[in-house]
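Novice: Each chain is listed here by its residues.
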Amino acid sequence: MSGPSEATSVAPRARKVTSVKLVVAGGFGVGKTTFVSAVSEIAPLTTEAAMTTESKDVDDTSLINKKVTTTVAMDFGRITVDDQLVMYLFGTPGQERFAFMWDDLCDGALGAVVLADTRRLADSFVALDYFEARNTPFVVGVNHFAGSYHYPIPEVREALGVSDQIPVVDCDARNRESVKVALITLLQHVYEIRRASMAR
Amino acid sequence: MNDDLPPRATTQDFVRPFVITGGRTRAADSSLKMETMVQTVGRPRDDLSFEMARIVDCSYEPISVAEIAAALDVPLGVAMVLVGDLVDDGCLETTYSNPVEIELSALTRMIERVRAL
Numbered sequence: 001m002s003g004p005s006e007a008t009s010v011a012p013r014a015r016k017v018t019s020v021k022l023v024v025a026g027g028f029g030v031g032k033t034t035f036v037s038a039v040s041e042i043a044p045l046t047t048e049a050a051m052t053t054e055s056k057d058v059d060d061t062s063l064i065n066k067k068v069t070t071t072v073a074m075d076f077g078r079i080t081v082d083d084q085l086v087m088y089l090f091g092t093p094g095q096e097r098f099a100f101m102w103d104d105l106c107d108g109a110l111g112a113v114v115l116a117d118t119r120r121l122a123d124s125f126v127a128l129d130y131f132e133a134r135n136t137p138f139v140v141g142v143n144h145f146a147g148s149y150h151y152p153i154p155e156v157r158e159a160l161g162v163s164d165q166i167p168v169v170d171c172d173a174r175n176r177e178s179v180k181v182a183l184i185t186l187l188q189h190v191y192e193i194r195r196a197s198m199a200r
Numbered sequence: 001m002n003d004d005l006p007p008r009a010t011t012q013d014f015v016r017p018f019v020i021t022g023g024r025t026r027a028a029d030s031s032l033k034m035e036t037m038v039q040t041v042g043r044p045r046d047d048l049s050f051e052m053a054r055i056v057d058c059s060y061e062p063i064s065v066a067e068i069a070a071a072l073d074v075p076l077g078v079a080m081v082l083v084g085d086l087v088d089d090g091c092l093e094t095t096y097s098n099p100v101e102i103e104l105s106a107l108t109r110m111i112e113r114v115r116a117l
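Protein chains in written order, with the numbering used here: chain A, 1 to 200; chain B, 1 to 117.
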């Protein structure tokens, strides 16, 4: 005989699974999605955030401000820590003009990895400024592309103008071990910040 | 000449994404975030919309709002409104963890997990 009849069974109680969000930021084409897919247990998913923006009409004979709906794609991946904890990695939309949606994305983030490309360091400034201003813990991953000059970390740190407290590591987004190092560096950085604030 | 007529719409197959939420773009529960975990806990109503029934179906195992949006192929904001309704109805339960409340032991577990990847 089987146990209690299915018909009277109540839906299962929710298993308490919590999640943390980590953000991967940086300029367009710096390898954010590659970074996410290097460690995600699922193929990165894409979700679209729809938003309404005022369109500035080029034709200024028209005095009508059109509202247009834009969609911004965000890629994200997942790492299951154990049966109680899941980590999500979200890539920020690359273009600067979407910075206005970073608040939704970064609100509640545990920390961020800012990817910098040594050929276009300035592209990462928006992200650095953003996380500094918000006091979001972050580390910098310096992505070296094949054929580009390998700048030593101290030089990159100086060029980026980040403080000595911010970890800066080499990071090849295509290499899983390298991405793991960047992520572990971020998590350890968050750990140290937490521990210091608890000791105070 | 009909120069004053507005240009013909060319995107007739476009469906406004928030049609399935009845035009609402904000969830009743504003604490919902893209990483909030949800799980089906209640008996679904019989009159659930197609999209809501799919959310209930894909949430028997804990899943994030962002994953639901991706699974349904709807914008994040649409998923949030629908999930909010299902939470109100008692079909779904949410777990949201404030990152400032994450314990050191959880961080250690995360570090160990990433190391083991």
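The hints are simulated quantities; they were obtained by calculation from the structure and are not laboratory data.
A hint or two may mislead.
To be verified - If we take Cβ atoms under 10 Å as the criterion, some of the chain A residues that face chain B in the derived model are:
(1) THR47
(2) GLU48
(3) VAL81
(4) VAL156
To be verified - Computed list of chain B residues with no C-beta within reach of chain A, every gap over 10 Å:
(5) LYS33
(6) ARG45
(7) ASP47
(8) LEU48
(9) TYR96
(10) ALA106
As the list claims (entries may be wrong) - If you want the ones that stay clear, here's a sample from chain B, every Cβ over 12 Å from chain A, calculated:
(11) GLU35
(12) PHE50
(13) ALA53
(14) ARG54
(15) GLU61
(16) ALA69
(17) GLU93
(18) SER97
Where a beta carbon is used, it is the ideal one built from N, C-alpha and C, also for glycine.
Novice: Enumerate the violated hints, using their earlier numbering and listing them in ascending order.
Specialist: Hints 4, 5, 9, 10, 11, 15, 16, 17, 18 are the ones this structure does not satisfy, whereas the remaining hints hold.
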